[in-house]
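J.: So the sequence lines, in the order shown, correspond to chains A and B.
Just so we're aligned: the first sequence equals residues 42 to 164 in my numbering.
Just so we're aligned: the second sequence equals residues 467 to 731 in my numbering.
These are computed hints drawn from the structure, not numbers from a lab.
Note that this is a predicted model, so its numbers are computed, not measured.
One or more of the hints may lead you astray.
[Unchecked claim] If the Cβ cut is set under 7 Å, some of the chain A residues that face chain B in the computed set are:
#1 L80
#2 A90
#3 A110
#4 Q150
#5 A155
#6 L160
#7 L164
[As the list claims (entries may be wrong)] Cβ pair distances, simulated, as ranges:
#8 B:D676 <-> A:T63: 40 to 48 Å
#9 A:G66 <-> B:T705: 40 to 48 Å
#10 B:T600 <-> A:G67: 19 to 27 Å
#11 A:R70 <-> B:F655: 32 to 40 Å
#12 A:A74 <-> B:T601: 18 to 26 Å
#13 A:A90 <-> B:R649: 52 to 60 Å
#14 B:E695 <-> A:R68: 42 to 50 Å
#15 A:A90 <-> B:A573: 28 to 36 Å
#16 B:S682 <-> A:A74: 22 to 30 Å
#17 A:R161 <-> B:E695: 19 to 27 Å
Just so it is clear, CB atoms sit at the ideal spot from N, CA and C, and this is done for glycine as well.
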Amino acid sequence: MTVAKDGPWLDGAAGRLIRPYTVSGGRTRPAVALDLLTLVISTGSMPQAPLGPEHGEVLGLCPAPTPVAEIAGRMGLPATVTKILLADLVQCGAVTVRPPSRFQDPTDQSLLEAVLDGLRRQL
Amino acid sequence: MAYDDSSEPVSGSAIDTAPDTVAPPDPGAARAGAPSAARAPEQRSPAHESAPAARPADGPAAQTPARPGAAPPPAGPEAFPQALKVLVAGGFGAGKTTFVGAVSEIAPLSTEELLTQVGAGLDDLTGVEAKTSTTVAMDFGRITLDAHHVLYLFGTPGQERFWFLWDELCAGALGAVVLADTRRLEQSFSAVDFFEQRGIGFVVAVNEFDGAFRYSPDEIRSAIGLAPEVPVVLCDARTASSGIRTLVTLVQHLLTSVTAGEATS
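Can you build the whole structure from these sequences, using the hints too?
T.: Structure, rendered in structure tokens:
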């Protein structure tokens, strides 16, 4: 893994030295639908397909369920590019995902009560 | 989830919990196995704060994904906590980043997204480079509520005109905190309008900046033109406890709206 762990390689004047979509091979759409809050977890199976170093880095960021937005933030990549990398990993079975939508009913009273209890424990 | 039915401990404990809840409702709970068993502890959570301990159904399922190579997708649901989203909005400099950073258990992250002016849902792959695209940044933080619920905070980009291009940001959000700076109160108007239009429940949190004139919540309510039920709280975005209390107020407000909605329907 030759990629710096400290985020994108930046130049003061020019900005990002590696354009974000270089990482995704020029693709601008993920092959699998992913949301910013889709949780991703690595399955432990190593991808057989030849993938870039960023794929390996992404894989290392989700040993536990981790949302797409957090992986994007840690990678220092735009969310879309991160999703493209993750979609590759989904397709080769290296990660599995769980979309958030069906659990985000803001009128689910028991869910809201669980959130309230959890927040109060933080105080 | 069908595999749960064949598991002896799971079905046994599902029956054990039934007498606890004297509940006549939910006739499916004893029989239907996994789906209703998974929901039951949450419904009881206000009474039993130690709900996680009373979740034997998680035992066998939680171990499954650890096995490398074992096809994990069907075993997923118990391994994943519920990911919940709350938005933190407000005008430029209202303290969104500070707020997210103060309450987050991880160092706040910034994620950027490239949005095109034409509309995020209408892109095709040809001619993308010809469109004017804008990079918007959002802050991102996390609060682990318990073993099964994780709250993620999304600090929305300051330029609210982009929110309409970014459906994903609001999709499924539980609610929102609108941070207001009394020196620039008008900057919170658009966030308030946006959440009202989208039907997303929100509270207004007045970030008490040093040197800013202090107004009462009622003065702020009338200045923004808020509906009487929308809570207005004073907060210090720099401190975690103040931020958490703001979130508590938000969730209480959402709960009140839910019960009020049920009463009228």
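J.: State for each hint whether it applies.
T.: Hints, verified against the model:
1. L80: With a closest approach of 5 Å, the L80 (chain A) hint holds.
2. A90: With a closest approach of 16 Å, the A90 (chain A) hint is violated.
3. A110: Given a least distance of 5 Å, the restraint on A110 (chain A) holds.
4. Q150: 5 Å, holds
5. A155: 5 Å, holds
6. L160: At about 5 Å, which falls below the 7 Å cut-off, the nearest Cβ of chain B leaves the hint on L160 (chain A) intact, so it holds.
7. L164: 6 Å, holds
8. B:D676 <-> A:T63: 40 to 48 Å: 45 Å, holds
9. A:G66 <-> B:T705: 40 to 48 Å: 45 Å, holds
10. B:T600 <-> A:G67: 19 to 27 Å: 20 Å, holds
11. A:R70 <-> B:F655: 32 to 40 Å: 35 Å, holds
12. A:A74 <-> B:T601: 18 to 26 Å: Given a distance of about 22 Å, which is inside 18 to 26 Å, the answer is holds.
13. A:A90 <-> B:R649: 52 to 60 Å: Holds, at about 55 Å.
14. B:E695 <-> A:R68: 42 to 50 Å: 46 Å, holds
15. A:A90 <-> B:A573: 28 to 36 Å: 33 Å, holds
16. B:S682 <-> A:A74: 22 to 30 Å: The hinted range 22 to 30 Å is violated for S682 (chain B) and A74 (chain A), with Cβ atoms some 47 Å apart.
17. A:R161 <-> B:E695: 19 to 27 Å: Holds - the Cβ-Cβ distance for R161 (chain A) and E695 (chain B), about 22 Å, lies within 19 to 27 Å.
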